[in-house]
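Protein chains: 2
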Amino acid sequence: MVSIIHRIGIKSESDKVYNAISTIEGLTNWWTEEVEGDEKRGGKIKFTFRTKAGDIKGQMVMEVKELNPRKNIRWQCVEGPDEWIGTDLTFDLSKQDDQTIIIFGHRNWREAIEFTAHCSMKWAVFLLSLRNYVETGKGQPSPNDIKIDNWN
Amino acid sequence: MVSIIHRIGIKSESDKVYNAISTIEGLTNWWTEEVEGDEKRGGKIKFTFRTKAGDIKGQMVMEVKELNPRKNIRWQCVEGPDEWIGTDLTFDLSKQDDQTIIIFGHRNWREAIEFTAHCSMKWAVFLLSLRNYVETGKGQPSPNDIKIDNWN
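Residue numbers (this note's numbering), protein chains in the order written: chain A, 38 to 189; chain B, 38 to 189.
Hints listed in this document are in silico derivations from the structure and should not be mistaken for laboratory results. Any given hint might turn out to be false.
[Claimed, not checked] Using 30 Å as the maximum straight-line C-alpha spacing, the simulated BS3-like pairs for lysine-lysine come out as follows:
hint	chain 1	residue 1	chain 2	residue 2
1	A	Lys53	B	Lys184
2	A	Lys48	B	Lys102
3	B	Lys94	B	Lys175
[Stated by the list, open to error] Chain B side only, calculated, beta carbon under 8 Å to chain A, not exhaustive:
hint	residue
4	Ile45
5	Glu71
6	Asn187
For each residue, glycine too, the CB sits at the ideal point set by N, CA and C.
When you get a sec, could you build the whole thing from the sequences and use the hints?
See the structure below:
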């Protein structure tokens with residue numbers, strides 16, 4: 038199986054980083070502005086991505102599998118792009134120096150395809166958006182995310 | 038084997054992107070300011086990374102394995118961090134819409150470790166630097182690169 042993994046450090050306490058990833062409110066500030074559902078363990082969260090004109094470009098539903106405050110979050114993708122179904126999204130937090138370190142994973146892709154490479158780069162810019170949100174109060178969630186190629 | 042792969046699009050002709058990756062001059066503008074060696078096929082290129090104060094943080098040597106103008110570049114790491122030795126660095130270029138698309142790969146890691154996750158995120162910000170350099174004339178090579186965590 039193929040996994041995307043990234044490491045980023047955020048100058049903030051772990052609970053603030055954890056809340057930005059584990060709550061609907063937090064997620065709307067760095068990934069996509071349109072997030073709805075049940076953020077508790079066992080719940081499902083739906084993410085909608087639109088063009089700036091308002092047309093839907095993509096939607097996905099994550100089931101919340103693990104939630105350990107200030108420690109880790111794991112979702113499993115249950116609806117969305119075909120290649121994403123069944124993959125796991127993991128955020129593992131630790132405190133090092135003056136930073137909260139996140140090891141992010143988008144794990145268990147069936148194969149490494151061009152779309153995987155696109156998603157890897159896209160996750161990197163969303164993690165920079167997460168850092169901006171936590172450190173400054175302002176992230177760049179979709180549809181105002183940094184575009185990285187001709188796909189998005 | 039484990040690979041980092043990223044996809045990025047640059048609004049420019051392929052030869053300009055190719056030159057930014059295949060020449061010493063180009064590389065100093067987006068990866069690290071200190072690059073020396075022989076950029077031809079079979080040559081070795083040495084990259085030095087320093088702190089802003091001038092202390093050496095890391096050095097690596099790449100052997101140029103493939104060079105196909107406007108198409109692809111492949112290096113193999115022959116000196117550097119232990120985990121990098123023997124890994125392949127690939128840049129595959131294609132023209133799509135008004136962009137030159139790069140599929141970047143840092144391939145054949147022995148295992149996926151925390152340092153791999155760090156390098157994946159770091160490569161993403163260097164690819165953004167490459168795009169900035171080609172599109173605007175100004176990248177963010179080390180030591181003025183975007184820092185992503187407590188390691189760099």
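- Query: Against which earlier hints does the structure fall short, listed by number upward?
  - Reply: 2, 5
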